[in-house]
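A.B. asks: Put together the whole structure using the sequences plus the hints.
Below, each chain spelled out in residue letters.
2 protein chains.
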Amino acid sequence: MSIEELLHQIHLKKSFLCIGLDVDLNKVPEHLLEEEDPIFSFNKAIIDATHHLAVAYKPNTAFYEAYGLKGWKALQKTIDYLNKNHPDIFTIADAKRGDIGNTSTMYAKAFFEDMNFDSVTVAPYMGSDSVEPFLAFENKLTILLGLTSNIGAFDFQTKEIEGKELYKHVLETSKEWKNSKQLMYVVGATKATYLAEIRKIIPDSFLLVPGVGAQGGSLEEVCKYGMTKDVGLLINSSRGIIYASSDKDFAESAKEKAYQLQQQMEKILKSK
Amino acid sequence: MSIEELLHQIHLKKSFLCIGLDVDLNKVPEHLLEEEDPIFSFNKAIIDATHHLAVAYKPNTAFYEAYGLKGWKALQKTIDYLNKNHPDIFTIADAKRGDIGNTSTMYAKAFFEDMNFDSVTVAPYMGSDSVEPFLAFENKLTILLGLTSNIGAFDFQTKEIEGKELYKHVLETSKEWKNSKQLMYVVGATKATYLAEIRKIIPDSFLLVPGVGAQGGSLEEVCKYGMTKDVGLLINSSRGIIYASSDKDFAESAKEKAYQLQQQMEKILKSK
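From first to last, the protein sequence lines are chains A and B. According to the numbering used here, the first sequence is numbered sequentially starting from 108. According to the numbering used here, the second sequence is numbered sequentially starting from 108.
Warning: the hint list may mix true and false statements.
For identical chains, the list gives no copy identity; a pair is met inside one copy or between any two copies.
Mimicking SDA-like on lysine to any residue, the simulated pairs with C-alpha atoms at most 20 Å apart in a straight line are [what the hints assert, rightly or not]: (1) K134 <-> D221; (2) K180 <-> A152; (3) K282 <-> E272; (4) K191 <-> L176; (5) K180 <-> E220; (6) K180 <-> D221; (7) K355 <-> P136; (8) K180 <-> D144; (9) K285 <-> I258; (10) K177 <-> D144; (11) K177 <-> N133; (12) K282 <-> I258; (13) K177 <-> D187; (14) K134 <-> T212; (15) K266 <-> W284; (16) K266 <-> T280; (17) K134 <-> K216; (18) K216 <-> N133; (19) K216 <-> P145; (20) K266 <-> H276; (21) K134 <-> G208; (22) K355 <-> E137; (23) K180 <-> K216; (24) K191 <-> G175; (25) K271 <-> F261; (26) K177 <-> N223.
Hints are computed from structural coordinates only; laboratory data are not their basis.
C.D. replies: Have a look at this one:
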């Protein structure tokens with residue numbers, strides 16, 4: 108899916124909501140554990156209940172890898188289900204990958220070819236030749252870590268290099284990479300005021316913003332500082348939606364939470 | 108496996124060789140492609156031929172993920188084979204993971220619990236709380252990216268923060284993290300002279316050094332600047348060993364290449 112198609116979906120659904128599928132078997136409703144594939148059953152129920160309210164889903168690969176082979180199978184089934192039943196949904200493999208060139212190419216094949224995700228998150232530490240192999244895939248998007256929402260972001264990302272924070276160097280440098288138009292960026296919502304600074308460097312790029320809800324970020328603040336004339340934002344919520352209830356009504360509760368966020372987003376989109 | 112046990116193995120085998128299992132089906136001998144699981148068959152043959160010459164094996168997860176479910180299965184079979192038949196071998200999941208705390212815990216579970224690797228490589232960009240969840244696992248080692256061997260290392264890693272390169276800040280900062288004694292570091296061999304600088308910051312830590320051979324690094328140079336009184340080095344070779352021949356004699360050829368490196372290592376160990 109292209110950015111243009113994503114934007115079309117945002118206007119159609121009046122939503123720029125991304126739902127994070129971080130499935131922890133200790134948190135899913137107990138009755139699902141009796142099913143053959145509880146992770147996929149959980150995801151399918153969440154997707155069925157919320158797909159009209161969200162434009163993107165973001166499985167976090169760690170939560171699948173932790174369950175070994177059956178986890179990887181559940182991830183495969185989840186992306187297949189999305190691609191088959193909801194081709195209008197933008198899919199993100201939240202994998203935080205990145206390695207030397209030939210290895211990054213293999214990661215890109217894993218997520219773009221084998222699984223057919225629309226995008227993957229990538230870490231910048233290893234520089235240009237660790238990211239460009241992802242950008243070489245046509246009609247696929249690469250979501251580079253800029254400023255993350257965790258406390259450890261202050262260890263290195265905000266340290267100054269020649270009077271400018273590392274994460275700003277990452278944003279600036281990445282603009283020079285081959286096929287950089289296929290870049291999006293992860294920017295944590297817990298630091299909404301940083302968004303004004305970020306927009307000076309990447310005025311038009313789409314940002315994937317985690318940290319609204321469970322991690323304490325505010326939707327209004329993020330939109331105030333980060334929204335562009337072409338929206339330019341995907342707001343992710345994981346735990347706040349998918350674990351809204353741990354009972355049999357979990358999908359219905361997830362739908363309600365997603366609806367509340369979609370309604371706030373519709374209001375914001377109208378006011379812009 | 109602890110660092111003490113690894114060191115014991117190094118002295119026993121007179122080798123500090125790590126063999127990288129980056130299995131690309133376009134490069135394995137054709138006759139293997141007829142087997143049920145060509146990736147595992149390849150790995151098994153390489154391990155059987157070289158395990159007396161190497162102290163560690165390092166499957167690169169990207170090369171398994173690229174083949175989807177059957178790749179993940181081959182990775183699982185490879186680590187199971189190593190753990191069952193060669194418990195004296197140090198195993199490294201070269202995965203370059205790292206995310207916010209609860210997600211890093213899931214990655215750690217994937218590699219330390221589900222697969223029972225001895226260690227995993229981790230990227231530092233997201234800081235303390237993205238690495239400490241790995242360090243929380245007892246008797247497991249976390250191998251942090253310091254200075255990598257690719258050209259992109261110069262994009263950010265060597266940029267100066269307060270007069271000191273980013274990778275040095277990573278090394279210094281990581282020493283303060285909880286359970287930092289369980290840290291090892293990735294340092295690329297293509298920049299051997301940097302090792303003298305690195306040893307000023309982490310004088311005793313074990314370093315995993317890729318880039319000898321295919322990527323152009325010199326074993327003598329690395330040992331000259333990086334070796335400690337307790338060795339402190341694991342030298343990785345992947346393509347130079349496993350693809351020494353693409354014919355039916357591939358395992359025998361791999362053994363010869365590994366033997367040449369082991370002999371050089373024995374000589375270096377004796378001279379120290």
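A.B. asks: If the cutoff is 20 Å on CA atoms, where do K216 and N133 land: within, between, both or neither? Let me know, please.
C.D. replies: between (31 Å within a copy, 14 Å between copies)
A.B. asks: If the cut is 20 Å between Cα atoms, do K271 and F261 qualify within a copy, between copies, both or neither?
C.D. replies: Classified as both: same-chain Cα gap 14 Å, cross-chain 17 Å, threshold 20 Å.
A.B. asks: Within a copy, between copies, both or neither: which one fits K266 and T280 at a CA-CA cutoff of 20 Å?
C.D. replies: Answer is both: 16 Å inside a copy and 12 Å across each meet the 20 Å cutoff.
A.B. asks: Is the C-alpha distance from K134 to K216 at most 20 Å within one copy, between copies, in both cases, or in neither?
C.D. replies: So K134 and K216 pass the 20 Å test across copies only (16 Å; inside, 31 Å).
A.B. asks: Given a CA cutoff of 20 Å, do K134 and D221 count as a within-copy pair, a between-copy pair, both, or neither?
C.D. replies: The answer is between: 19 Å across copies meets 20 Å, while 29 Å in one copy does not.
A.B. asks: Up to 20 Å between alpha-carbons, please classify K177 paired with N223: within, between, both or neither.
C.D. replies: Close inside one copy (19 Å) and across copies (16 Å); limit 20 Å.
A.B. asks: At 20 Å max between alpha carbons, let me know whether K282 reaches I258 within a copy, between copies, both or neither.
C.D. replies: between (26 Å within a copy, 17 Å between copies)
A.B. asks: Pop the pair K134 and G208 into one bin, within, between, both or neither, using alpha-carbon distances up to 20 Å.
C.D. replies: between (37 Å within a copy, 17 Å between copies)
A.B. asks: 20 Å Cα cut-off: does K134 pair with T212 within a copy, between copies, both or neither?
C.D. replies: between (34 Å within a copy, 15 Å between copies)
A.B. asks: At 20 Å max between alpha carbons, let me know whether K177 reaches D187 within a copy, between copies, both or neither.
C.D. replies: both (15 Å within a copy, 16 Å between copies)
A.B. asks: Given identical chains, is K282 near E272, meaning Cα to Cα at most 20 Å, within a copy, between copies, both, or neither?
C.D. replies: within (16 Å within a copy, 22 Å between copies)
A.B. asks: Reference check for the pair K285 and I258, CA-CA at most 20 Å: within, between, both, or neither?
C.D. replies: Intra 31 Å, inter 15 Å, cutoff 20 Å: inter-copy only.
Violated hints for the displayed structure: none, as all numbered hints are satisfied.
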